[in-house]
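Chemist: Listed here are the chains, written in short residue letters.
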Amino acid sequence: MDNKTPLIALMGNPNSGKTAIFNLLTGMNQKVSNYPGITVEQRRGNAQLTDTCAVQIMDMPGTYSLTPESLDEKIVAQQTLKWLNGIDRPAAIISVVDAGNLSRNLYLTSQVMELGIPVIIALNMMDRVKNKNQNIDSKELQKILGVHAVVPMSAREKWGINELQSELLNVITKANIEVSTHIQMEIPKEIEKIISPISEFLYDKNNHDNYITNVQALRIITRKSALELYSECENLTGAEIKSLTLLRDNVAHEIDVLGLNHRILEATLRFEMLDNALKDHTLINQSEIKNQSRSERVDKILTHKWVGPLIFITLLYGIFQSIFTWATIPMQYIDSAVGYLGNYCVQLFLPGILRDLLVEGIISGVGAILIFLPQILILMFFMTILEDTGYMARVAFMMDKLMNKIGLHGKSVLPLMSGYACAIPGIMATRTIDSWKERLITIIVLPLISCSARLPVYTLMIGAFIPNKPILGFLNLQGLTMVLMYFLGTVTAMVIAAIISRFIEGKGKSSFVMEMPPYRMPLAVSLFRQVYTRGKLFVINAGKIIMAISIVLWFLASFPKPESDEVTFSIQNSYAGKIGHAIEPVIAPLGFDWKIGVGLITSFAAREVMVSTLATLYNVEDEGDGFVGITEALKNEVNPLTGLPQYTPLVALSIMVFYVYAAQCMATFAIVKNETNSWKWPLIMIVYMTGLAYIGSLLVYQGGQMLGFT
Amino acid sequence: MSIKQLHHLLPGESAKIISFHTDLTLQSRLVEMGILPGVEIRLMKKGPFKGPIEIKVRGYEVALRYKDAMQINVS
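Chains as they are written, first to last, in the numbering used here: chain A, 1 to 710; chain B, 1001 to 1075.
Only chain B is shown next, with the shape it has when bound in the complex (with noise of 0.2 Å):
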């Protein structure tokens, strides 16, 4: 499979995440929340005008911002 970022997913479609180039802190942030390489995310919704992004993670609902998401690279 191919590598692209978080934000290319279309809604409904799942995929691994290889790593990020967030800032520093969101970094450790999702990592806390189980959001880090390796862990399988189903992407649930985008928001309008390039707002926030949705995902499903570890069984829970999350949302992200659009260019945070950006720097998210999945396969």
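The following block holds chain A by itself, in its conformation from the complex (with noise of 0.2 Å):
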């Protein structure tokens, strides 16, 4: 990157749109959604401002104050520290506004503005402010404030973007800008003669101006983490921090002997400053609190005390059913899509290696997945609804006394509800959750909750050995398996919480302060952008680790020919056979034969390798030159001793419950290594979920057979 290009900062509270405007600026696609604080990772993209211009911009964690308290504040604070230091200090910072709340945002704002560089306040969610009938008189909002610009827009209704965008090439081109706020917090002289050791401390440090230098003096006071992080900082020696913090509880101390709180001081002298400067201007001053929004109304159903948890499980179970019934019609085309490709390069090329490698490995690997695409886009869709329209903040709010029983939070929900989509993305929204114990838990036992990849596994054994019946009239057998493996996986997750809390240390106390969003209609463009971006990574996947590890595989499992042309080939003899049979011993008990273990091997990289492991499997196995279809092999595969069908419902069920628990996807596992800082949880959740996974297989298999079910 050319260290010329001018770095923008995007600031703002948390559900304030920062990653919306990010995205219209730099044509990029981040995942937007209406759940305070998705953003956890600093983004970086470059934006184009005019044909010779372009800036960098950097996308910045929700945050509510510039003082840490969990993760992803920690990182905005730290880097605020730096520029006020003079590193890495951006051209210009963009502060995100709601404009819908405006008193709550401007506090960040402010705190932003003492920070020497240029503001301008994107006004946003002007559109809400609008269809009430109201408006906000920006030019007036500047004045008051002392900023660059205020520009009203609407990120959402995609308005307002080039007035931000001439704006910031304003700031850019403009040499030696001033900055002049024109609010500053009124600091009463008893209470800055109280406070003057440590300033006089933070003075010798760094030499900021006064106000400066008061202000981060009130906020070192505050918060012990805020003196922590700015020990951090500055690389103060142990002895340094020692008196720092001396002197810190001694001036908190007489803070409180004044009958005040030192804790909230900081936030009390600047929201006085805010609500004074703001009180007159009517056109500004919105802090009602009589009305009754339409999301109010709305929520007396949604979150009801009875109706909101019954609707809350009736639409998961409608997601999860219609998976399987909705997704049945495509998922047939797609999967004589593939039969046809593989039986027309059967007929297009001569019989050899090479056709058996494309026909064999490659198809049929990859194919075996490609059908599961429309499931995982319907999955995606529900769950970007649920999310875009505020409904998962409800669930939050409904959920977080059941969740604080057993040990996890209320904001534990969304990224346990993003694992059924897949483990990884939600283990990154667990930086939501304030509390570290909390935070662990749910991470600890995220990976059980039944993830995109276990699909195709789950799918291909219901379709094969759970017979397609109506139950009750309006469930189906098959679907309702589908929803019992799902639940299998989220009550495991449960009760390994409640255990586990109990043995894991927390550091403070857990609370729960969560900002309800106002519901919106999600965006079709943004959704389908959502369930697109979804797919690709489906396919892409497909393209690279399932076609590399089937084409490996085929290898193996044609591979040593036998050295004379008398002898018959038998898979049982390849490489991938040998392998296969010296774990079948381990896995005999569970009702696996030694292809489910090759299979096991092979999920490893991703569960759903397990579908096109088997895929390949047969492929290579079968004599003719047809191309096999994965579910009839399944079915007419017969144990050589028994002479009975290999694969039962039981061993259905067995290999159900393996992949509900099991501990396959190495990617999960590096994520939470370096989320937790360390190799032990990950290790942890590796023997646990293994340990898991064999004893519920071997139960349903041997507890299956010996109450007589095949």
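Treat the hints with care, since some could be wrong.
[Claimed, not checked] Derived DSS-like pairs: lysine-lysine, alpha-carbon spacing no greater than 27 Å straight-line: (1) Lys-437(A) to Lys-74(A); (2) Lys-544(A) to Lys-224(A); (3) Lys-132(A) to Lys-300(A); (4) Lys-31(A) to Lys-680(A); (5) Lys-1067(B) to Lys-437(A); (6) Lys-1050(B) to Lys-405(A); (7) Lys-305(A) to Lys-1046(B); (8) Lys-1016(B) to Lys-132(A); (9) Lys-1004(B) to Lys-401(A); (10) Lys-680(A) to Lys-405(A); (11) Lys-1050(B) to Lys-290(A); (12) Lys-300(A) to Lys-1050(B); (13) Lys-130(A) to Lys-290(A); (14) Lys-158(A) to Lys-130(A); (15) Lys-405(A) to Lys-305(A); (16) Lys-469(A) to Lys-635(A); (17) Lys-1004(B) to Lys-290(A); (18) Lys-1046(B) to Lys-405(A); (19) Lys-305(A) to Lys-1004(B); (20) Lys-1050(B) to Lys-82(A); (21) Lys-279(A) to Lys-290(A); (22) Lys-158(A) to Lys-132(A); (23) Lys-401(A) to Lys-1046(B); (24) Lys-1067(B) to Lys-290(A); (25) Lys-174(A) to Lys-193(A); (26) Lys-224(A) to Lys-74(A); (27) Lys-193(A) to Lys-242(A); (28) Lys-1067(B) to Lys-405(A); (29) Lys-437(A) to Lys-1050(B); (30) Lys-1067(B) to Lys-300(A); (31) Lys-300(A) to Lys-290(A); (32) Lys-4(A) to Lys-82(A); (33) Lys-279(A) to Lys-1050(B).
Think of the hints as simulated: they come from the structure by calculation, not from any bench.
Two chains, two frames, a set of hints: combine them into the complex.
Modeler: Shown next as structure tokens:
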């Protein structure tokens, strides 16, 4: 990246629409949602302002203040301390402000304005203000605050972005912009005197002006975490930290003796400043609390004591049932297309190794996975709707009490539900949980939630072995089995959470403070874009990992070829066969044969590889020239010893239970290692999940046989 | 007006925050969201089984735990 490209920082409260603005400016496609705190990482992207002028935009995690509390807030606080000391200073800051929620949003803006960097306020969500027949005098607001500009806009309706760009251009092309804020906190003389020991300490260190030094001192007094962060960023020596801590504790005590509260001192002074500055401006002040919003009326039903949870459960059930039923027809189309392609290649090419590799290895392996694309798209579609409407925040509200009982947090619900799509974004999303203990427990149990990679395995087993029978008139045995698998994983996650929460030491008490975003109609464009992104990822994955594994596996399953032509080739003697047979004794008690064993090994790359592994193995084994469909192959497999079918509904159930629990996706554990900063937790997870999988399958298979099932 | 705790308010009732005695981290979090002494709030809803309490403050909506609401004095 060109070092001369000016850097622009994008800051704002959670759920103020920073990421939507980031996407508009950069043309990028980051996930946007209606759930506070969904941006947990810093992201950078280039924005072209004119043909010749580009800037780099940095999207920062949402935060309410520059005092660090949760992990993502710490990232922001750290960054701004650096800027204050002149390191990596951006050329300008876009402070994104939710226009429907001015006074709270301006709190952060006023802190940001003290960094001495030109601030442009992006007054976002003006569409909602206008819909309420209100307006905000942006010129007046700009004058009151003394920011560089206030740009009314709506990232959702995509207007105002040009004005924002031209203001940006304005800032970066002008040399020596004078930054002058019109508002400053009035720090009473009495307090200024009390905090002076800290101010003097800070002044000796950094040489900032009087006001900034006082603000820094106030912030260090409010919280221990602010002091820790300051010491870290300034590389204080042990002795310095000790003396600063001592100063801080004394000053905090003196403030409390005055009858004030040192923890809320900065906030009190700052809100006093803001409230005073805005109070005479009817076109700006909008702190009303009397009116019932539309969201509030909707919530009377959706979060009703009894009706609310019932609606939630019904929604979940409906989603998983529809994954199974709606996807059937497109899946059949893809299935026959893959079969057609396979058979077409058989006819097109001459017999030989290359044809075998193409048909038995690549087409069968990759095709077996592509079939599940419709299901994954449907799942993503519903998950996105739940999040974008603002419903997930309500679910967090409803579930907090229950989650708390089992050592989790209301905010654990969204990460856990993301886990139905994929554990990795779910684990990332746990960063919104403030308490470390609850966050850790959420991470530990999250991979038990059945992700979309398990879906192909469940679907294959259910489709082949569970009869398609109606139950109670409106349910269906296949759909019900599917829901049961999801239920099993979810319930186990809850039980494990309840157990381990007794053993993990927690630092600090947990609390739940969560903004309830207004309900919004999801935008079709953004909805389909997210579904598309996920679908693309799945297909690319199939194209890369699964194709590679399919090719390797095909070689392992096809070689070594017998030395003399008289002996017919048997897959049992191939490398894959030998590997599978080697682990067979371990997995035989679960009802698994060597082919499943090979699938278990390849599943370490990704769970869905199981399906393509079986597809490749069966196609290699098949002596005919045609292309073998995997469902039929599974049904027809015969146990060489007994002559009975190798796979029965009981074996299928045992395999599914194994997949509900098993620790198979390496990428997940790499992320856990990253997020917890040690190998300890991923290792614990691998051990407990593998144990659960083995015992679970053992119970199903052996117990089922004892009860006389097959 | 008499002083009572936030969780004693009935749905729809408004009050002014007087002080709070919640745990320290939570206090800092609340004040940064503009929920501090002197501010008017309205109780919107109480969750089931002493579940979270939803209030409206400064024109937006926010949920708190019941046990934390017990530590907030209003009048």
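Chemist: Hint by hint, note whether the structure agrees.
Modeler: Quick rundown of the hints versus the structure:
1. Note on Lys-437(A) and Lys-74(A): the hinted pairing holds, with a Cα-Cα distance of about 17 Å set against a maximum of 27 Å.
2. The hinted pair formed by Lys-544(A) and Lys-224(A) fails the criterion: a straight-line CA distance of about 48 Å is larger than 27 Å.
3. Taking the CA atoms of Lys-132(A) and Lys-300(A), the gap is near 21 Å; set against the 27 Å cutoff, the hint holds.
4. Only pairs whose Cα atoms come within 27 Å are accepted, and Lys-31(A) paired with Lys-680(A) is rejected, the gap being roughly 31 Å.
5. Our distance criterion of 27 Å between C-alpha atoms is met by Lys-1067(B) and Lys-437(A), whose separation comes to about 19 Å.
6. A distance of roughly 12 Å separates the Cα atoms of Lys-1050(B) and Lys-405(A); the hinted pair therefore holds under the 27 Å criterion.
7. Proximity of Lys-305(A) to Lys-1046(B) is assessed by CA-CA distance (about 9 Å); at most 27 Å being required, the pair is judged to hold.
8. For the hint linking Lys-1016(B) to Lys-132(A), the alpha-carbon distance of about 26 Å falls within 27 Å, and the restraint holds.
9. For the given pair, Lys-1004(B) sits about 23 Å from Lys-401(A) by alpha-carbon distance, which is consistent with the 27 Å threshold.
10. For the given pair, Lys-680(A) sits about 25 Å from Lys-405(A) by alpha-carbon distance, which is consistent with the 27 Å threshold.
11. Simply put, Lys-1050(B) and Lys-290(A) have alpha-carbon atoms about 24 Å apart, close enough for the 27 Å limit, and the pair holds.
12. Distance restraint check for Lys-300(A) and Lys-1050(B): the Cα-Cα separation of roughly 17 Å lies within the 27 Å cut-off, and the hinted pair is therefore satisfied.
13. At most 27 Å may separate the alpha-carbon atoms for a hinted pair to count; Lys-130(A) and Lys-290(A) meet this at roughly 19 Å.
14. About 15 Å separates the Cα atoms of Lys-158(A) and Lys-130(A), which keeps this hinted pair within 27 Å; it holds.
15. The suggested pairing of Lys-405(A) with Lys-305(A) holds, with an alpha-carbon distance near 18 Å, which does not exceed 27 Å.
16. Only pairs whose Cα atoms come within 27 Å are accepted, and Lys-469(A) paired with Lys-635(A) is accepted, the gap being roughly 18 Å.
17. A distance of roughly 20 Å separates the Cα atoms of Lys-1004(B) and Lys-290(A); the hinted pair therefore holds under the 27 Å criterion.
18. For the hint pairing Lys-1046(B) with Lys-405(A), the CA-to-CA distance comes to about 18 Å; that is within 27 Å, so the pair holds.
19. Between Lys-305(A) and Lys-1004(B) the alpha-carbon distance is near 24 Å, which keeps this suggested pair within the 27 Å criterion.
20. This hinted pair does not check out: Lys-1050(B) and Lys-82(A) have alpha carbons roughly 43 Å apart, beyond 27 Å.
21. With a C-alpha separation of about 17 Å, the suggested pair Lys-279(A) and Lys-290(A) falls inside the 27 Å cut-off, and the hint holds.
22. About 19 Å separates the Cα atoms of Lys-158(A) and Lys-132(A), which keeps this hinted pair within 27 Å; it holds.
23. The hinted pair formed by Lys-401(A) and Lys-1046(B) meets the criterion: a straight-line CA distance of about 12 Å does not exceed 27 Å.
24. Between Lys-1067(B) and Lys-290(A), the direct Cα distance comes to roughly 25 Å. Compliance with the 27 Å bound is thereby established for this hinted pair.
25. Restraint check for Lys-174(A) and Lys-193(A): not satisfied, since their Cα atoms lie roughly 39 Å apart, outside the 27 Å limit.
26. A threshold of 27 Å between alpha carbons decides the hint, and for Lys-224(A) with Lys-74(A) the separation of about 13 Å falls inside it, so the pair holds.
27. For the given pair, Lys-193(A) sits about 22 Å from Lys-242(A) by alpha-carbon distance, which is consistent with the 27 Å threshold.
28. For the proposed pair Lys-1067(B) and Lys-405(A), the alpha carbon gap of about 14 Å is at most 27 Å, so the pair holds.
29. Taking the CA atoms of Lys-437(A) and Lys-1050(B), the gap is near 23 Å; set against the 27 Å cutoff, the hint holds.
30. For a cut-off of 27 Å, the pair hint linking Lys-1067(B) to Lys-300(A) stands: about 22 Å separates their Cα positions.
31. For the hint pairing Lys-300(A) with Lys-290(A), the CA-to-CA distance comes to about 16 Å; that is within 27 Å, so the pair holds.
32. In summary, the hint linking Lys-4(A) to Lys-82(A) is supported, as the alpha carbons are separated by about 19 Å, within the 27 Å threshold.
33. Between Lys-279(A) and Lys-1050(B), the direct Cα distance comes to roughly 36 Å. Violation of the 27 Å bound is thereby established for this hinted pair.
Of the numbered hints given earlier, the model fails hints 2, 4, 20, 25, 33; all others are met.
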